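Listed below are the residues making up each chain.
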Amino acid sequence: MTAMPPADAPERPASFPAAYYRHSPNTYSNAGFELGRKLFHDPLLSVNNTVSCASCHKQEFAFSDGGVSFSKGINGQTGKRNAPAIFNMAWNTSFMWDGGVNNLEVMPLAPLTNPAEMGETIKHIVYKLNRAPEYPALFKNVFHRDSIDDQQMFWALAQYMSNLVSAHSKYDRVMAGEEKFTQEEQDGYALFKTNCASCHKEPLFTDYSFQNNGIDATFADSGRYRVTQNAVDIGKFKVPALRNVAVTYPYMHDGRFATLNEVLKHYTSGVIPSSTLSDKLIKNGKPGLALTNEEQSKVIAFLHTLTDSTLINNSNYKQ
Amino acid sequence: MAAIGAMFSSCEKSPTITAPANGTVKMQFTYVWGKNETPLTLEQKVVQEKTGDTLIFTNIRYYVSNIKLKRADGVWWSMPDSYFLLDAQSAEASTITIPDVPFMNYTAVQYTMGVDSLHNVSGAQTGALSLQNGMFWDWNSGYIMMKAEGRSPNSPTGSFALHMGGFSGPYNVVTVNTAEFGKTMQIGNGANPTITMVTNPSKLWDNAPSVSVNSVIHMPGAYAVAMAKSFYGGIYLSAISK
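Chains H and L supply the protein sequences, listed in that same order. Anchor point for the first sequence: position 280 equals 288 in our numbering, and the numbering is continuous, going up by one each time. Anchor point for the second sequence: position 110 equals 648 in our numbering, and the numbering is continuous, going up by one each time.
Chain H with its partners taken away, still in its complex shape (with noise of 0.2 Å):
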């Protein structure tokens, strides 16, 4: 489970079904994944150099804004969702919480050029980039064209977080047959199976679907709908990847709940009906799921064996 990937070929565990994203035409190089880095983390890609994709999708925090509802972009404005944490993005069929953006190049269009976010345009980023002292030998280097366009830049960044990959959790290596869960992890396990693998599938622990999990009856933001126009999708929100989840609080598109405790209460009490609930959150006729306080407790005890030291303290995904 922790030998490196081959040279020049971005991280894809055996355990994981195959990547939705697929570097063609962007191949995938060590350089272009370097690049990538560097332009994530460099402030230059705001309208007034002080933040980067890293102010907000910090490391330390499986690339969240740990402890943050919603982000500060330029200027210390807010928007009005949860910065998703960003790893295993290679496997996303789409992205951000009602996706709307259907490819992982495209991307960062929306927090780059959002006023409240990076507030630039892309062509005056290319501008920037073409004049900086470093930048013209780096994009030379991964994509041999005489100067840097918006699609090398990316494509960089794709190249980066398509290897952001998080597999090396406890939980990756018991299910290796390296390592124990504790009874209690191993209760939760067998809980969490029963009550929330339904959406939250392994190995991903997302089957990318949109669902209402109940935390509204009426929506100030009516997530997924917003997309599709579709009164079927009106308070449905992408379901996140539970990797990491013990670091990316707060938790749900506006980031409401502060801890996984609260999260385990709202899915055994506060459930919440509506027109568009999710049926996966009746049991026996009635909103929620069954869990005591105990098995609550189990299932947070599994949750934490979700956390990839790995991908949190990786010095190769760092500036």
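Because the hints were derived from the structure by calculation, they are not lab data. This list has only true hints and no planted wrong ones.
30 Å max Cα-Cα, derived DSS-like pairs, lysine-lysine:
1. H:K66 / H:K148
2. H:K201 / H:K178
3. L:K685 / H:K131
4. H:K326 / H:K178
5. H:K148 / H:K326
6. H:K136 / H:K80
7. L:K564 / H:K131
8. H:K46 / H:K88
9. H:K88 / L:K685
10. H:K136 / L:K685
11. L:K573 / L:K721
12. H:K148 / H:K131
Predicted model only: the values in this text are computed from it and were never measured.
Since chain H is already given, all that's left is putting chain L on it; use the hints.
Chain L only, in chain H's frame:
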């Protein structure tokens, strides 16, 4: 030189001549307004006959792609990688150049208004399809196939911004048009014709309400389909010049 040589040796049975050169076709999109088809430019005040709206366009940009020419034998020749972002601000920015067309007689041109679905899901592109052109929705992936923006006293905000796109399902606006030449047209071997296409932006409102009701479109939907399809469907070939 080869042609002169061929003339002098015309009595020989098999003269040696070089292959006739490929040609270049230009496709120029022009702009007219209303039933009378008066010439239209940006910043010109016009009245839409059906809605009664007074409109001043400040920006009309749209994609034309996947250019094909029909040979006299019925086989289609396709221009590779043909994606164009046209802009009504000038004749030059409204003209597509189709280079390297094989010497042949042709009878029709086929072109797609908009960008095919594949290129809406294929990530970062270059040239006309570059994300830096501001013609791609960042929050709901897909190309804005056409932008029609301007000012209008009939709009509650004083302006209108109609961004039409959508590449799948009921909200697909992408339209394949074919224009017959009505004759055979030689391309190549010295013939480099220009095809003039006529677009009529007043047709945007043929099946859509006044800007007093609908002054902003920013995503795929029924209005985008109604407006784009009416506009695309009204485009016609008016002339072929040699």
